[in-house]
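Visitor: Read off the chains here:
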Amino acid sequence: MIELDDITRQIIWNRLLAIVEEQAQTLMRTAFNPIVRESGDLSAGIFDIKGRMIAQAVTGTPGHVNTMAESVSHFLDHYHLEDMHPQDIYVTNDPWQAAGHLNDFMLVRPCFHRQQLIGFTSCTSHLADIGGLGYGPDASDVLDEGLYVPIIKLLDAGELNQTFMAILKANSRVPIEVEGDIYALIACAECGSKRLSECLEDFDLFDIGDLSEYIIETSRRGCEQKIRELPEGIYRNSMRVDGYDTPVDLVAGLTIAEGCIEIDFSGSSGLSPYGINCPLNYASAYTCFALKCSVAPEVPNNHGALMQWRVNAPQDSILNAQHPAPVAMRHVIGQLLPDVVFGCLHQVIPEVVPAEGTCCLWDLPLRGGYSTGAGNTRFASELVHNGGTGARPGSDGLSATAYPSGVLGSLVEITESVAPLIVWRREYRPDSAGAGKFRGGLGQVIELSNSENADMSLFASLDRIHHPARGRQGGKDGAVGVLELSSGERLRAKGEQIIPGGEQLTVLTPGGAGYGKPMERDADLIEQDLRDGLTSNEYAKAHYGVAFKSDDSIDREASGDHGLSHTGAADHD
Amino acid sequence: MDRLAQGVNSIRLAADVGGTFTDVVLDTGETYFTSKIATTIDTPETAILEGMQIVLQKARIKPSQVTGFIHGTTLATNALIERKGARTALITTEGFRDSIEIAYESRYDQYDLALQKPEPLVPRYLRYSVFERVDVRGRILRPLDTASVSQLVTELQQNEIEAVAIGLLHSYANPEHEQVIADMLRAAGIEAEISLSSEVCPEVREYERFMTTVCNAYVQPLMASYLTALRDALVAQGITCPLLLMTSGGGITTLDAAIRFPIRLVESGPSGGAVLASCIARQLCEPKVLSYDMGGTTAKICLIDDYQPQNARNFEIARSARFHKGSGMPVRIPVVEMIEIGAGGGSIAHVDDLGRLTIGPESTGSTPGPCCYQKGGIRATVTDADLLLGKIDPNTFAEGRMPLDSSLAATALTQDIATAMGVDLIQAAAGVAGMVEENMANAARIHSVEHGANLSEYTMIAFGGAGPLHALQLAQKLNIGRIIVPQNSSVGSAVGFLWAPIAYEIVRSCYMTTQRFDAESANRLLADLYAEAFKVVCKDAGQSNVKVKRSAYMRYVGQGHEIEVPLPEGELSAEDSSAIQSTYEFHYQRLFGRTIPKRDIEFLSWSVEVSGPQQISEETLVAPETQPAHATTLRNAYCTELKAMIDYPVYERDKLVPGNCLSGPALVLEAQTTTYIPSIYNMYIDNWLNLVLYRRST
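Protein chains in written order, with this note's numbering: chain D, 1327 to 1899; chain R, 37 to 734.
One should not assume that every hint holds.
As the list claims (entries may be wrong) - Keeping only pairs whose Cα atoms sit at most 27 Å apart, straight-line, the calculated DSSO-like set for lysine-lysine is:
#1 D/Lys1495 <-> R/Lys634
#2 R/Lys691 <-> R/Lys94
#3 R/Lys679 <-> R/Lys691
#4 D/Lys1479 <-> D/Lys1495
#5 D/Lys1520 <-> R/Lys361
#6 R/Lys120 <-> R/Lys324
#7 D/Lys1520 <-> R/Lys324
#8 R/Lys153 <-> R/Lys120
#9 R/Lys679 <-> R/Lys634
#10 D/Lys1479 <-> R/Lys361
Keep in mind that the hints were calculated from the coordinates and are not lab data.
Just chain D, with the same shape it has in the complex (with noise of 0.2 Å):
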């Protein structure tokens, strides 16, 4: 193994960080589903010969970031080095070995360079429809849920496994989608390898393990020096949560001891019925997310930077759900575990954890015209928004923002051009955010209905309709989500439901809770949410205590104390 200078490294580091970033933007041009091409949600990274990642690109998906990085070494288990061929690809979407449920199909593929095996590529993505069920949480276990593929090979030395194609094809609602999408995966996984094999020509290496050792030590260190900078110490929380029927518990432990953070989810609710449950290894994506964005952001994604982050959770509890059990729509409980780190921390870093948001996509996949009879368009289309985020310890939450998920919202007219859908309104949500010093984000406000007037199936699987987003510090509760048709009558936040043709189904999503005393608050920015129409005169009055002339104008003088320093302000609420 040659031994390279630090700088040397440094620079191929950076390289291998603008592969993944090739891999990732290959697979979105060429993806077929709309929440990969549009929305992001794949990942793609860079692995040594041990399986351990070394790169990963920034995507819309932490729930891949460790699921990822676990994930090689279930391929390694499978295939031995020795039998390996440069142009073999492999693939699997076991939602235990890959990203957590079986609509995310992963691909590795070997890299080669001077004709020895020096490491592997790997990417993910969300294919739409996979069969079963269809993407909801009904299903009573894994295999409800649709086309089940163990390790395969995918490319076996360059050939394309047409056997599994056609598998894959006749068990998809959307065949020509998943084809599509199948060959943007390959695209991916062939770019990178073939760049990894230029970049060692170009700096004449033979192999990557030095620099491996290199990254995975650096990042390592890195991300235990910042915990050794917070105080050692057991902090707990908990956050109940809606569920699917009942609600759900999320309970956790975490342990700060030399250099390592632990997160322990004992007291956490058990098993769901439905296909809300987490594989461990996507509940740890989650956790390992909040973690990273409050403790270390600037150290990059790889085996390094994991190592000292723990994850456990009793077996057969729903954040670690084995197999048979069903996890379609796992996102649903492990993106609301951020908000459970984050009241952990907060009893440690205050300053830098927000107060608890929407989390939870609030996606909607909608589906019609299968049952509907003639003349009605099929399709199957996934919307995807989001609520408010919460405060943070400086500055309001974000609205309409997707937090913990990075994923891309849907524009009107690319959902209107895609689908025989109408959507009427698309706009924040007044006096949806938590008030506080600093408000929570807003949730929006959309209105849909199916241009075609027929049914239309929403396969819903949404949380915080019960349960709201919790200020901090004196910071109010968010907004909670609703889900209503023109009717009045209210849906549920799971489940497989009917939007009756001529209805229109109205959105209401969550907005973020609110950080510090309302009284607290900036006068100028309680008048210009006013002025904006974003808070109205009667929640103004209720929450932050703003007194009205006759025509309306603020009273400022009648209206307490706001914009005071936080030991000046009186104790209004």
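Could you slot chain R onto chain D? The hints should help.
Guide: Then chain R, alone, in the frame of chain D:
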């Protein structure tokens, strides 16, 4: 306008107003005269007139003799970055007043818990909505409620609105409601400038279309009054020829079109640089060129195939935090496709918490500038590293007007880099140069891959103040064997303006697929686009003998990313569908490796560009007789291969004549920059006084 047609009587001026400097170039038909003076921010025309006087006096030419004036400016870009545009209102469809703020519901940085999104150009209380709705095919679902429009008139007046953007859903498919609103507002006496999304950017995707329209409206009053004032000032000076404007798309356009669509003037400086490179490419018969322009704050890299810069339709203005993708405002206009990275002479180097050396994207700009400028800068920059590596002569920098202080550079690099990394000063400086070159190389690689380009077949054309300092190392990383450093490279963009064709491109969405190819609709649309572009280029700007480029933006049905596919000439017929499909598959395979069998392909948008002839003489290249050049002195500079400081022979560029040749290692000094030549390169001077460098075969 064509130099060949007008012969020596063509005398033209170009003015490039940048954030720091205003460059003016006079082309007398025989030679160039240049000036570079500080930009006068508040009245940019002052510096233009001053620079113009200088070059006219040098050349002894009277203003009345000038036959053409081409102008490019960052004024529109700066107004957007600094939020100094008009008080703007947006009128949109009821239910969608937050579209420009909600955008993609995303965060541009995944890990930053304290992230702030940019404030919208139009605050919510100035975003109005009207009852109306058009569907995806342009059918009216809800007729326009004219009463709700009438109510807006008083609101607009009370709020002293200076510019109005009208953006309704699906207006690219049916512009009627937008037009009616504009007519009603004008009839009611609204004097504010009005921009319609169906005119500024008739393409699907409401966020980008509305943003482009809002940005256009926001800069319109400012640009209209500035451009009018400039024209009046030029006329007062005796310059009576038409004033033409450089656009972001690499063409030039008329004053009228510029005033209507000022958003098309953003990034005109960099696009001028791309034009310069493409003209040199044509002159030298280089069909594959990578243009590399490195200045004080950023580096711009652009691919030029067959003498045409790549085009794109998206650009992000005013990125806030650390140049993060997604932190700015997207506008959808024809632009020269290039990547701009935070890597320039002023980029700051530091060592992060993990002990990693990072460069930029923060830059010291021109104030305080790099430490060695002695203007108060205290953070190590790329220029400081270049100085310590001996690439820059501290005494002759900026023609000797600005002596540099190496000791300040050494102090900063020792503190910020060498100590933190446990290396010596020269290793630290070499690390900074190596890292900034790697960052640019990575960006160039990604860019080339996105366009299916194999860089080892390319020639690099390098310019900008810092370009020639890093060009050869960058070329080596990209496996590029041939590099050209043109004359007047420090005012390259303004020279590019002189060579740009008069051009106008229009893009419009119209959906169909190859299986259901509707030749009639396509022909009708293309004819409309042609007529519109023809009017700007031929009627308004008086061009004849035009070129037409037609293309379609296509993808497999169900994909999200379109690629540009050139269309066959003439009227399209049903049979052309399969030819277009083959062209698409050819381009797709080049980009992504393999095509997908038996798949329908869709057309999203159509584009027509009409352009006049390029302003360039195409002389035949006669190889000059070679003759070794003579070095004037020796300088101690860093050698990457030996990892040590060695003696480099120094050549003065203005003493070199066609045919002069030399071998690396060498330094070629000129007024604003130095070309740094490692040992594996040879160089000669061609007939146009370009430095031509090529890798020595071993």
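Visitor: None of the hints should be skipped; say for each whether it holds.
Guide: Right, here's what the structure says about each hint:
1. D/Lys1495 <-> R/Lys634: The given pair, whose Cα atoms are some 14 Å apart, holds under the 27 Å limit.
2. R/Lys691 <-> R/Lys94: holds, 20 Å
3. R/Lys679 <-> R/Lys691: Not satisfied, since the Cα-Cα distance of roughly 31 Å exceeds 27 Å.
4. D/Lys1479 <-> D/Lys1495: holds, 17 Å
5. D/Lys1520 <-> R/Lys361: Within the cut-off at roughly 26 Å; holds.
6. R/Lys120 <-> R/Lys324: With a Cα-Cα distance of about 40 Å, the restraint between R/Lys120 and R/Lys324 is violated, given a limit of 27 Å.
7. D/Lys1520 <-> R/Lys324: holds, 23 Å
8. R/Lys153 <-> R/Lys120: OK: R/Lys153 and R/Lys120 at ~18 Å, within 27 Å.
9. R/Lys679 <-> R/Lys634: violated, 56 Å
10. D/Lys1479 <-> R/Lys361: Violated. D/Lys1479 to R/Lys361 sits at ~36 Å, over the 27 Å cutoff.
Of the numbered hints listed earlier, those contradicted by the structure are 3, 6, 9, 10.
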